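Peer 1: Going line by line, the protein sequences match chains B and U. Reminder that position 122 of the first sequence reads as 122 in the numbering used here, one-by-one numbering, no gaps. Reminder that position 551 of the second sequence reads as 825 in the numbering used here, one-by-one numbering, no gaps.
Just so you know, the hints here were simulated from the structure itself, not pulled from any lab data. Remember, it's a predicted structure, so these values are computed and weren't measured experimentally. Hints are not guaranteed to be accurate.
Claimed, not checked - Going by beta-carbon spacing under 7 angstroms, a handful of chain U positions derived as facing chain B:
#1 N348
#2 I655
#3 D659
Ideal Cβ positions, reconstructed from N, Cα and C, are used throughout, including at glycine.
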Amino acid sequence: MPTPFAILTLALVIALVLGGLWIGQNVNLLPIDASANAPVYDELFRVLFSIGAILFLGIVGLVVFSLIKFRRRPGQLDDGLAIEGNLPLEIFWTAVPAVVVLFVGLYSFDIYDRMGGMVPLAHDAHDHQMMDMKEQIWGGIGSVADASSADNGLAALAVEVTAMQYAFLFHYPQGDIISGELHVPLGQPVTLRMESKDVIHAFWVPEFRIKQDIIPGQPTLLNFTATKPGRYPIICAELCGPYHGNMHSKVIVEAPGDYDTWFSNNAKTTVSEA
Amino acid sequence: MTVAISPPSKKQSDGLQPTGWLRYFSFSLDHKVIGLQYLVCGFIFYLIGGVLGGAIRIELASPIADFMARDVYNQVLTLHGTVMIFLWIVPVVNGAFGNYLIPFYVGARDMAFPRLNAVAFWMIPPAGLLLISSYFITGAAQSGWTAYPPLSITTPAAGQIIWILSVLLLGGSSIFGGINFIATILKLRQPGLKLMQLPMYCWAMLGTSILVVLSTPVLAGTLVLLSFDIVAHTGFFNPSLGGNAVVYQHLFWFYSHPAVYIMVLPAFGLVSEILPVHCRKPLFGYTSMVYSIMTIVILGLVVWAHHMFTSGTPPWMRLFFTIATSFIAVPTGIKFFNWLATLWGGRISLNSAVLFSCGFIINFVLGGITGVALAQVPFDIHVHDTYFVVAHFHYIVYGGSVFVIFASIYHWYPKFTGRMLNESLGRFHFLITFIGFNLCFAPQHWLGLNGMPRRVAEYDPQFTLINQISSVGALLMAISTLPFLWNVVQSALSGPIAGDNPWRALTPEWLTSSPPPVENWSGKAPLVTEPYGYGVPGEQLNLEKTSNSDSDLGSKSQ
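Next up, chain B with everything else stripped away, as it sits in the complex:
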């Protein structure tokens, strides 16, 4: 009677896939999304979570089912079936993960591109940016050009970040402001140029889903556009010494008007803003 078994298996697989998709879409494990990057990241997370849930539940189900169904009963001293392999089955379970992995790779490449990850390479080739072009900028994500074209043509706000044991310093070149907290206007792209004074640190804002190491001797770049007003933690994520756990700051995302007020209250030099 192979048919009912096949139908049952099919039903179980469908239930598993739907269950996995439901878990991936509905179980939220992430903090709020407060940057333009974050919803893109969350989309990737939900897809990976769905695939992971399907695989994990499926395999755990198979292990538990096998242990119960095929457990040795008392007095049963015979062997199982002498099956040493099954070529079509083995090809199937080589091909399916290969396809899944290929899909995940291409999809995450697309996500990476949408987050602006591929841009810095092209961006280094252009010669008309505000950075000193003789200096190599490493890594980071997003770019000035990309972010400003995406968000209603606002010029990017440039901030220089200096990390040291155990603090972040934010320098706004336009108003010559030095602040211990990062103030950014809502909706405007921000470019952080980061350098460390001593050991390796990292700049991480969980609500923005971005992180970049801050490396002595090698400036790094990070771009983001904040989309939700609020105060979010900036966390050092790279072990930097005994007080590493204490090395954090705040990013304060304000409406453009509030940001301008803060800026003009603190600016040492008067600048006409674009």
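Given chain B's structure and the hints, the job is docking chain U onto it.
Peer 2: Then chain U, alone, in the frame of chain B:
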């Protein structure tokens, strides 16, 4: 160099080698003694590493740094990682089981280079003592087991230098072991025994040893350069002297990513030995298993920079390492499906060895899934260096390798000692370990996603409850060690006699007495060309060749 001779020979240096329990404290050349030396020594360091891990979880039970001074906390986490990797998992999955089993599996009377083998083991206790003593004498290293410069150059030099010396010794020991395994597997095989007839653990050890020999010297060279930066103020990795801190990370991970496979591939091999015996079925897909191992070895050498996605790595490199890393999931997946197919339709004894093996499958699948996710650059950028990563790699090295070590101890203990372990205590041990482990590490995924970085002594108070749950899990893991220790000690003294082959297994180590004599077989070494020849379709197993009075102990233990 002495080379063990395959055909029966007169016992080497008989009379000079101590017998009885004293031989375990001697420079013994017997591969079985050396294997058990590795195992017991590794387990002692596991207990030390476990105390250190427990100290970390006590500190993290509250959001403020109140249990240890902050620099002591960093020393503790550095020692915890170093001890668990270099003194527990690597020596045990390779040195302990490799030395004990490989000569049996190839049909040899010892390893290819018995003296080198003893030297490799005896480098470990002094290296371990050196590492631990640094805490009491000078203060241990406090830059994490990764020892990234410039931090490792600017923290107190004495502890860091001792750490480097200790890791160099342990790396040297590992290389000696790797050379010995390659030589033994390729050169000491019995005439008539083909490579594709070897038990799977031999293939796992061959692949692992290739990784050890190729990548460990790179770590050694890197650490020597780092020590120059510390003591001689050279500038290889020190940016203030014109060095490059990121180059260190490349060199370090060129070893330390393969190190993950050095910890995990032998575990894959051990599970492939355990499951067929207790399922009474052949290992499913032998050939594809072999090719999977070798694919993992090759891919494992070209994925290291996925540890550096936020280290200022250029986009093309990020993409290359994403793709290479993701594809490791394919051969790894094949192995897991093969084990599932081995379970399917078997006659599975639900004993401690099988429970730990299946616990390994479940834990490792979760670790593998988060691993594929972490390989994706955009995903990793958020969770890199957070508790998500801590959870991920504990699922791989504890949920994976350590579960397999326990499964292997339950499986081979009768061979090691000639006595059976207590099954009820074993299953209780599994239950507490499995619950404790998952309670400890599963919640850490959430912590990392929501903003808790790794290697911190203090954290945002919103994470307190989840951290306390995790600490309760760690407490259960500590408690779970007690029934195991009691079981191992008590059974060695008064456990039921096991007989030669209590599991009715077909691999060669079971075709001799328990414990086996010096030189392994009193007569000619048996030629086993079908190590997984279980299951005759439509027929009862012919028990003649393996039957003995204790053959149904395995079934009693259900």
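Peer 1: Evaluate each hint against the coordinates.
Peer 2: Structure-based check of each hint:
1. Taking 7 angstroms as the C-beta cut-off, the interface hint given for N348 (chain U) holds, the closest approach to chain B being about 6 angstroms.
2. Among the interface hints, the one on I655 (chain U) holds; its C-beta lies about 5 angstroms from the nearest C-beta in chain B, closer than the 7 angstroms criterion.
3. Contact between D659 (chain U) and chain B, as hinted, is supported at the beta carbon level, the nearest pair being about 4 angstroms apart and thus within 7 angstroms.
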